[in-house]
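Its first residue numbered 8, the sequence shown is counted upward by one per residue in the working numbering.
It should be emphasised that the hints constitute simulated quantities derived from the structure, not laboratory data.
Quantities reported herein were computed from a predicted structural model and do not represent experimental measurements.
C-beta atoms are modelled at their ideal positions from N, C-alpha and C, and glycine is treated no differently.
Treat the hints with care, since some could be wrong.
Unchecked claim - Here are the computed distance ranges between Cβ atoms for each label pair:
| id | residue 1 | residue 2 | range |
| --- | --- | --- | --- |
| 1 | Glu-174 | Arg-54 | 49 to 57 Å |
| 2 | Lys-26 | Arg-146 | 36 to 44 Å |
| 3 | Gly-142 | Gly-85 | 40 to 48 Å |
| 4 | Pro-16 | Lys-46 | 22 to 30 Å |
| 5 | Gly-85 | Leu-187 | 42 to 50 Å |
| 6 | Val-18 | Leu-60 | 14 to 22 Å |
| 7 | Gly-140 | Leu-178 | 17 to 25 Å |
| 8 | Arg-31 | Leu-187 | 31 to 39 Å |
As the list claims (entries may be wrong) - With a straight-line cut-off of 25 Å between C-alpha atoms, the simulated DSS-like cross-links for lysine-lysine are:
| id | residue 1 | residue 2 |
| --- | --- | --- |
| 9 | Lys-26 | Lys-36 |
| 10 | Lys-84 | Lys-26 |
| 11 | Lys-84 | Lys-161 |
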Amino acid sequence: MDGPALPAPLVAAGVRGLKTLDVRPVLDKGGDPFGLIMKTVQTLDPRDALHLLVNFEPAPLYSVMAGLGRQAVTEKKGELVEVWFYTAAGAESEAVAAGDERAPLQPVVDLDVSQLEPPQPMIAILQKLVDLGPGARLRVRHHREPVMLYDKLKLRGYGATCTPQAEGDYLIHIAPAWSLET
8 MDGPALPAPL VAAGVRGLKT LDVRPVLDKG GDPFGLIMKT VQTLDPRDAL
58 HLLVNFEPAP LYSVMAGLGR QAVTEKKGEL VEVWFYTAAG AESEAVAAGD
108 ERAPLQPVVD LDVSQLEPPQ PMIAILQKLV DLGPGARLRV RHHREPVMLY
158 DKLKLRGYGA TCTPQAEGDY LIHIAPAWSL ET
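Taking the hints into account, I'd like the entire structure generated from these sequences.
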């Protein structure tokens, strides 16, 4: 395999292919590379790794990738942060199960992120979905409508409805997208 040497955990996991994605130009122009990252991951074989080049540690992305069955190895080199997202040995079947659109629905779990500052509400919501697994449903109390969250939920197979309760008080229902279709 050409390119940078793979970190030891990737070698141990049997990573065979590597796709490098430098999102620094997108970020420098004020863009959000999340969609590009997710499209790239969807093209990978489970034995391939994504080598992400970024200028900060992408903490919210770790939860999203964990939900897709991918682990991360991060190396900081001055202003450059390199992150390798890979599927650990034996995790392929878990990733397939996580993508099952018709998993049984779980009981609704309440989550209050109304006192958190951005981007912590998004991180907390995405992490809770990962923790709960397929079929997760959340009722989230938030201080605003989380419009930046909706695309991220859609890419993970979830949908949301938002109901304003009062000034600075919103109730967001999150569930697998198929369960919200009427």
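Here's how the hints hold up against the structure:
1. Glu-174 to Arg-54: 49 to 57 Å: holds, 51 Å
2. Lys-26 to Arg-146: 36 to 44 Å: Between Lys-26 and Arg-146, where Cβ atoms are some 37 Å apart, the hint holds.
3. Gly-142 to Gly-85: 40 to 48 Å: For Gly-142 and Gly-85 the Cβ distance comes to about 43 Å; the hint holds.
4. Pro-16 to Lys-46: 22 to 30 Å: Between Pro-16 and Lys-46, where Cβ atoms are some 25 Å apart, the hint holds.
5. Gly-85 to Leu-187: 42 to 50 Å: holds, 45 Å
6. Val-18 to Leu-60: 14 to 22 Å: Cβ of Val-18 to Cβ of Leu-60: about 20 Å, so the range 14 to 22 Å holds.
7. Gly-140 to Leu-178: 17 to 25 Å: holds, 23 Å
8. Arg-31 to Leu-187: 31 to 39 Å: holds, 36 Å
9. Lys-26 to Lys-36: holds, 22 Å
10. Lys-84 to Lys-26: holds, 19 Å
11. Lys-84 to Lys-161: violated, 33 Å
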